[in-house]
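**Student:** Whole structure, please, built from the sequences with the hints as guidance.
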Amino acid sequence: MTYDLGTGVGVSLGEAYTSSKRTLDQITQDKYDNGDRAEAWTGDANNVYLAANYTRTYDMTYMGDTLGSFAHKTDNWEMVGQYQFDNGLRPSLAFLQSRANDVNGLGPLDLVKYIDVSSYYYFNKNMSAYVEYKINMLKDGNPSNSNTDNTVALGLVYEF
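With the numbering used here as the guide, the letters of the sequence shown map in order to residues 34 to 193.
Treat the hints with care, as some may be off.
Distance ranges between label pairs, derived from CB positions [claimed, not checked]:
id, residue 1, residue 2, range
1, T181, G138, 17 to 25 Å
2, A84, Y154, 38 to 46 Å
3, R70, Q117, 25 to 33 Å
4, E165, N137, 21 to 29 Å
5, A85, E192, 23 to 31 Å
6, P141, D173, 17 to 25 Å
7, L187, D58, 31 to 39 Å
8, K158, S52, 16 to 24 Å
9, A162, G140, 28 to 36 Å
10, G140, A85, 19 to 27 Å
11, N134, T51, 40 to 48 Å
With a straight-line Cα cutoff of 20 Å, these simulated DMTMM-like cross-link-like pairs (lysine to aspartate or glutamate) come out [as the list claims (entries may be wrong)]:
id, residue 1, residue 2
12, K167, D143
13, K146, E111
14, K167, E111
FYI, nobody ran anything at the bench for these hints, they're computed from the structure.
Idealized CB from N, CA, C, for every residue including glycine.
**Tutor:** Have a look at this one:
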């Protein structure tokens, strides 16, 4: 559900909820939680150039092969700032973090935490190219054994 505030600056508010039944494998293999449903709540406030999103999920976020389980409760933060220039260039700066809570014996555990610096170039309404650099903020040896490397991505997108 979204609501346009009518301010003339492209501001809207949104809320979302999702719930799904967990598979039998998820329920039986999960050593940290035994809930039978996975849920997510989200709300955002954004305009054309800025966006923020907070989501809390229950029994939905996989904690990696090392832990082999789904987090009972996960808090997710996403923030992005972008500016669309008239010439088709769109630089972007974002921060993303996903933190599992209530992990038995481990306390709060960061599963994802990075800064994303990227730029898009729109050739026309159908074709764009991008370059993206992900600065990973996870520490080596984290309990989830998540990847801690920085990454670079290049892409060419055609939309029909």
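**Student:** It remains to establish, for every hint, whether it holds in the given structure.
**Tutor:** Now for the hints, and whether the structure bears them out:
1. T181 / G138: 17 to 25 Å: Check passed, 22 Å falls within 17 to 25 Å.
2. A84 / Y154: 38 to 46 Å: violated, 20 Å
3. R70 / Q117: 25 to 33 Å: With a Cβ separation near 39 Å, R70 and Q117 fall outside 25 to 33 Å, so the hint is violated.
4. E165 / N137: 21 to 29 Å: violated, 35 Å
5. A85 / E192: 23 to 31 Å: 26 Å Cβ-Cβ, so the 23 to 31 Å window holds.
6. P141 / D173: 17 to 25 Å: Holds - the Cβ-Cβ distance for P141 and D173, about 18 Å, lies within 17 to 25 Å.
7. L187 / D58: 31 to 39 Å: Given about 36 Å between the Cβ atoms, the range holds.
8. K158 / S52: 16 to 24 Å: violated, 36 Å
9. A162 / G140: 28 to 36 Å: Hint violated: Cβ distance 42 Å, outside 28 to 36 Å.
10. G140 / A85: 19 to 27 Å: The hinted range 19 to 27 Å holds for G140 and A85, with Cβ atoms some 26 Å apart.
11. N134 / T51: 40 to 48 Å: Distance hint for N134, T51 is violated at roughly 19 Å.
12. K167 / D143: Distance of about 16 Å is within 20 Å: holds.
13. K146 / E111: holds, 10 Å
14. K167 / E111: The given pair, whose Cα atoms are some 14 Å apart, holds under the 20 Å limit.
Consistency with the previously given hints fails for numbers 2, 3, 4, 8, 9 and 11, ordered from lowest to highest.
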